[in-house]
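Visitor: Spelled out from the first residue to the last, the chains are:
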Amino acid sequence: MSEIVIQFQQVAASILSLSGLFWIGITVTIYVFSKRIHTLTGNHPLTLPLVISALVLGGLLFVLDVPVSEFQRATSLIHWLLGPVTVALAVPLHHQYQRIAGLGWRLWVAIVAGGVIAPALAWFTLYLFNAPLMLSMTMLVKSITTPLAMETAALTGGVPAIAAVFVISTGVVGAMVCPWVFKLLGGNNPAAQGVALGTVAHAIGTAKALQLSELTGALAAISLSLNGVLTAFVLPVLISTLE
Amino acid sequence: MLVVQFSLPLPGALLGLGLLSALMALSKALARAISRAAQPILANMSFFFIPAVLGIAIYWSILQANLLAILLAIVGSTVVSLGVSYWLAKKLLSRQSDEIP
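Line by line, the protein sequences give chains C and D. Per the UniProt record's numbering, the first sequence starts with residue 1, numbered consecutively. Per the UniProt record's numbering, the second sequence starts with residue 1, numbered consecutively.
There could be a bad hint or two in this list.
Here chain C is said to cover these stretches of chain D; the calculated rule only asks that three of the stretch's residues, wherever they fall, bring their Cβ under 8 Å from a Cβ of chain C [unchecked claim]: (1) 32-46; (2) 56-62; (3) 79-87.
Computed from the model, here is a short list of chain C residues facing chain D with C-beta under 7 Å [unchecked claim]: (4) 31; (5) 53; (6) 72; (7) 129; (8) 146; (9) 165; (10) 185; (11) 191; (12) 192; (13) 195; (14) 199; (15) 200.
These aren't lab readings, by the way, just hints derived from the structure by calculation. The model shown is predicted, which means the values in this text are computed figures rather than measured ones. Cβ atoms here follow ideal geometry from the backbone N, Cα and C, with glycine treated the same way.
Isolated chain C, as found in the complex:
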């Protein structure tokens, strides 16, 4: 509880400062602009507002010679709200609860399979390339939602900040390639698309799923939360037993 109070004080201090107001304002402006571009390009996955915003802001910080750490401190309110915002996923979940309840154990099997294959494959790829252990440990949390991934990475010998970047990249890649993957495998099954997107590509996949249909979004939301909880609980235990 006291930790939350301290966090809150830091966030409050950063908003009240001039640079906080300035950078949050800039971020909001660029985000609104990115959303317009996304709409104008017919919701193409390459123009996801997150991708455009990050590129434009990154470029701006580079041109103005502002360190990213300073930008992150100034905009800590936005990052801090990520957790509470995740709670809003309860809404699509609630609306589709009846449909989800009927799926039972089949849903669990599909989610667990996706939740195990994605990190295992990523870990193995980095192992083959002899990448540093901290990178492969961070890779294990790439398919779960950012706040949970950062906490879990800290527990398993990964790096929380890199975890955030891996998580986002996975989400963006997932949202971008999903139309092709689904087309390749054929059959228009909105429920299965939701399960795949939520399990593998967390909240960004869920955002994409919400664009496809409400049912897809609801299944993505439940897959995201089930896989998130499972990974966050199982992974630290598994790793401490192996060590």
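Guided by the hints, dock chain D onto chain C, whose structure is given.
Guide: Relative to the frame of chain C, chain D by itself:
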């Protein structure tokens, strides 16, 4: 929603999600109010990820040294596991598809 979040220890986001679902199940009027309030948040969720994404710059040198491995790991595993999950979910859930409108 924020108040719910404040009173909870970690992992708050998921406990909050559960609590909010429970609240919405309790009262229909509350559920309507909550879903109205949540719509703009749901539509703009990616905004909240922007500062986290820019964190990539801090670890640029380590990431750059392993760029190929990281790209392959992320793209490869994401494509394969998306495919496998979709295929498996389609097989497993298709029996119910008659009941799902």
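Visitor: Mind listing which of the numbered hints don't hold for this structure, in increasing order?
Guide: As far as the earlier hints go, not one is violated by this structure.
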